[in-house]
Amino acid sequence: MEEELADFIRNGHKRYFQNLSIDCVIFGYHDKELKILLAKWKQLDGWGVPGGFIGLEESLATAANRILKEKTSLDNVYLEQFKTFGESEFRLKEKEGMPWLPKDNWLRKRTFGIGYYALVEFSKVAIKTDIFYEDYRWQDVDSVPELLFDHNEMIEEALRYLRLNLYHKPIGYELLEHKFTLPEIQSLYETILGKKLDRRNFPKKLMNLSLIKDTSEVRKIGQHRSPKLYEFNKEKYDQALQDGIILAL
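Per my numbering, the sequence shown starts with residue 1, numbered consecutively.
The reader is advised that the hints may include incorrect statements.
Unchecked claim - Dumping the calculated DSSO-like pairs for lysine-lysine here, alpha-carbon to alpha-carbon at most 30 Å:
id: 1; residue 1: Lys-124; residue 2: Lys-103
id: 2; residue 1: Lys-32; residue 2: Lys-195
id: 3; residue 1: Lys-69; residue 2: Lys-83
id: 4; residue 1: Lys-179; residue 2: Lys-69
id: 5; residue 1: Lys-228; residue 2: Lys-69
id: 6; residue 1: Lys-213; residue 2: Lys-196
id: 7; residue 1: Lys-236; residue 2: Lys-169
id: 8; residue 1: Lys-169; residue 2: Lys-205
id: 9; residue 1: Lys-204; residue 2: Lys-236
id: 10; residue 1: Lys-69; residue 2: Lys-109
I should point out that these hints are in silico values taken from the structure, not numbers from a laboratory.
Quantities reported herein were computed from a predicted structural model and do not represent experimental measurements.
Using the sequences and the hints, build the whole thing.
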């Protein structure tokens, strides 16, 4: 891995665009908490959101999906570009713990970060370390520490866009298990929005839009508790993603 990193430092500019990176704010949902995947950078003694560079022959979408799969082992997840960041000088500097990086190296040049946010089912993520990162952890969105570069701003913006999209797209399919109860999907929306929703009207709105359907199954919790299980209507869900919806919450 050290040889691979050394080759990337020397020759990466021959394979990747020098001034552009993709940064992924990866959201997961677990135990009624919205979480973000953070990565610890090698040599920098700090944490940030995972990312990578764009191949010279890659489209942005191809690069974003490749980077996401490299970090989480997942394919075909909800992934959306939300903003480009470049107001601060996004460089690797000597004071950040990499004095061995040549002063004229391509990695020292100002880099613009293209922000994507992804929605993944927490239980399916298989995290991998690589030449850039030595560790990963899931962090509650309400307790994100000070991060490297401008990644705190990225997370704030990603969360803002996620909340806005919640009113126009049926986000949830990627974050919940395949089958869920009505309280579980309501809890997901309340957690993302940071507010309580009417427990009678909220499920009715989803049902009226045909976004979820009754599976005719129940979950055995106890002698007197067997709530119904629901699932997303995949056809209606995909159509709503394409066309947009208006979900008054």
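Hint check:
1. The suggested pairing of Lys-124 with Lys-103 is violated, with an alpha-carbon distance near 41 Å, which exceeds 30 Å.
2. Restraint check for Lys-32 and Lys-195: satisfied, since their Cα atoms lie roughly 13 Å apart, inside the 30 Å limit.
3. Among the hinted pairs, Lys-69 with Lys-83 is consistent with the structure: their alpha-carbon atoms are about 21 Å apart, no more than 30 Å.
4. Proposed proximity of Lys-179 and Lys-69 is supported: the alpha carbons are some 24 Å apart, at most 30 Å.
5. Taken as a hint, the Lys-228 and Lys-69 pair is broken in the structure, with Cα atoms around 34 Å apart against an allowance of 30 Å.
6. With a C-alpha separation of about 23 Å, the suggested pair Lys-213 and Lys-196 falls inside the 30 Å cut-off, and the hint holds.
7. Only pairs whose Cα atoms come within 30 Å are accepted, and Lys-236 paired with Lys-169 is accepted, the gap being roughly 11 Å.
8. Restraint check: the Cα-Cα separation between Lys-169 and Lys-205 comes to about 13 Å, which is no more than 30 Å; the hinted pair holds.
9. In summary, the hint linking Lys-204 to Lys-236 is supported, as the alpha carbons are separated by about 16 Å, within the 30 Å threshold.
10. A hinted pair counts as satisfied when its Cα atoms are at most 30 Å apart, and Lys-69 with Lys-109 qualifies at roughly 26 Å.
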